[in-house]
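Based on these hints, arrange chain B on the given structure of chain A.
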Amino acid sequence: MDKHFAVYLVFFVCYAALLALCLAMDRHHAQVLHGKPGRPRRLALRLAGGSLIGVALWLCSLAWGWAIGPVAWFGLLSAAAFALVFLLPYAPRFAGWLIVVGPVLALPPFFL
Amino acid sequence: MKTTFRQSMSWLHTWGGLWFTWILFAIFLTGTLGVFDDPISHWLREKGKIGEFTPLTAEQRADAVRKAQAYLQEKSPRAEFWTIGLPDDENPELRVFWRADDDAPVHRLRLDAQTGRELPPGTARETEGGHHFVHMHFEFHAGMAGIWIVGAATVAMLVALVSGIVVHKKIFTDFFTFRPGKGQRSWLDGHNALGVLTLPFLFMISYTGLIIFWSIYMPAGILARYAGDEDAFFAKLNEGPPPRPMQFADAPVHELASLMQRGEAAIEREAGFVVVNHAGDRSAAVRIFGRFDPEAETDRLVGRSNGSALFDGVSGETIDVQKPNTVRGGNVLQTQRTMNALHFVRFGGYPMKWLYFLSGMAGAAMLATGAILFMVKRRKKSANEFGGATPRVYRIIEALNVAAIAGLSLACIGFFWINRLLPLDVAQRGTREIVLFFALWLLTLVHAGLRPPLAAWREQLAAVATLCLALPLLNLATTGDWLFAALARGDGETAGVELTAIAFGLIFAAALRQLQRRMAKPAVDTRIDEKTGAPANDVAPATGGR
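Residue numbers (this note's numbering), protein chains in the order written: chain A, 7 to 118; chain B, 886 to 1431.
What the hints contain is simulated information worked out from the structure, not anything from laboratory work.
List of simulated lysine-lysine pairs, PhoX-like, C-alpha gap at most 25 Å:
{"no.": "1", "chain 1": "B", "residue 1": "Lys1238", "chain 2": "A", "residue 2": "Lys9"}
{"no.": "2", "chain 1": "B", "residue 1": "Lys1266", "chain 2": "B", "residue 2": "Lys1067"}
{"no.": "3", "chain 1": "B", "residue 1": "Lys1265", "chain 2": "B", "residue 2": "Lys1054"}
{"no.": "4", "chain 1": "B", "residue 1": "Lys1054", "chain 2": "A", "residue 2": "Lys42"}
Chain B regions said to be covered by chain A (calculated; three or more residues, Cβ under 8 Å):
{"no.": "5", "segment": "1054-1066"}
{"no.": "6", "segment": "1078-1088"}
{"no.": "7", "segment": "1225-1234"}
{"no.": "8", "segment": "1237-1251"}
We put the CB at the ideal spot given by N, CA and C, even for glycine.
This is chain A alone, in the form it adopts within the complex:
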């Protein structure tokens, strides 16, 4: 996998994972989507978040191998977490939309 592409791809997978975990919490669900999540939705979000974090690690191993991959994984998780945590108070709605807008803008240029 092209490493620059991998940076963007894994970043958004990490962002999606953290967004899901974050939405599973009452406080942040209210911030982004209003209201509290029901029990099934909370479980689904947790499951999605957890598995996406795993997917991100697997993608890192494909791009960088198992020696450097985990380092990239930690780094991109931190980067995505910063984006999310500092967007939430200032632009909570956009924090949600970023997972749609971001990949659409960032990923296709690699296939041109």
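What follows is chain B alone, placed relative to chain A:
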């Protein structure tokens, strides 16, 4: 009164953190800048303007080594070491380094590769370059004393990390929480978020930083088993030939150019350095080092050897050859090298460097918010830790905060300005730049001591923002090169340095604006929190010293 475990950890985190935070901030900030030491050197040396370097032919290299040997022979026929650095992309001149004996200073000079004469000052922008930040990072330009200070601070960092986790009660509930505009609460949120989200990085970088200097920090084994003879120990550890102790008998150094050619043939790579140990002595040894190949490092966590060949410095006999891209030493050494590699981020190219840069800056910001939080909390209500002296101690802490955080940032961006404004023909220009860097830093401390705390913050933040934002203009005014010219010719290193400076300028300008807003408001926020009925800024008194 009985204190709980968390309370004692809180005490440890507050005071252990505070006394080391200023040193740690300096280590983090300069270390993070050091991630990009090559692009910074590129900018400081005006490489983008000078243009591409034409590599030397084998004949030119041999000739350069001949010239350097003649020069060193004349300057210091007996020496602990001679080092000849062949011109390369990073340093386009021929460089010589030597030291007469253990106690003498290291001499470093640039030579004209064609004539073998010293280059007069002013022929190039002589500078320590980005290495200045790396040296600040691990030793504060203070040699062994600096290494020990940094080591002690790093241990304090690990202690602060562990105690910080214990003190942070709601690590998971508050994982994504940042509430800006709420005074003390926001500083604590920011401190927590920055720390928690980079925790794996912070542990890794602190621990591996200690491991790099293990033989200095933990010399007991070498003292006990090898009677303190480090050379013998490392020769065994690296599976190399035994060391060659001084014999104190004069013997001429073998012709180096031919040894370089034989070395290049043996390792099948161009030479980068020629090092002579114990020049002029019968025990002299000559090592030819292969040129560093960044491509070979990109996909590997553990960097591999550049290759080297070792010769008897008098007879010219081959002692040892290590081919490039081979690994020597046992598993313990490999583990240690892996940790070095993790710390130095030589792998993975720019994407990985940017991730380290981001995490490192987050670490620096975490330290800064912690130090500021300490005073934000006490500005409203003194905790009276020092009895009658408390106001004076707080005053000192405020001043140290300003000078260590805003002041060091000012000195760092100031270094770029010093580099462009200091005349080219100053003797010892590289050293002079560093002296001026420290002078500027000291000046910020004096300023912070004289001005009221918030005014000192405002003025120094304004200075940093201005110097950062105006960096491309300074470059344009002094060298005629700048951001847009660099972008036009595709010089990402020059453009990257200036764009990063602008980004930092904007961050500091935003911090300045935030501070001015706060200063415009009355000193104490009298709003009442809706839920608890307590003043809005006064939260969580139960967290003890934090």
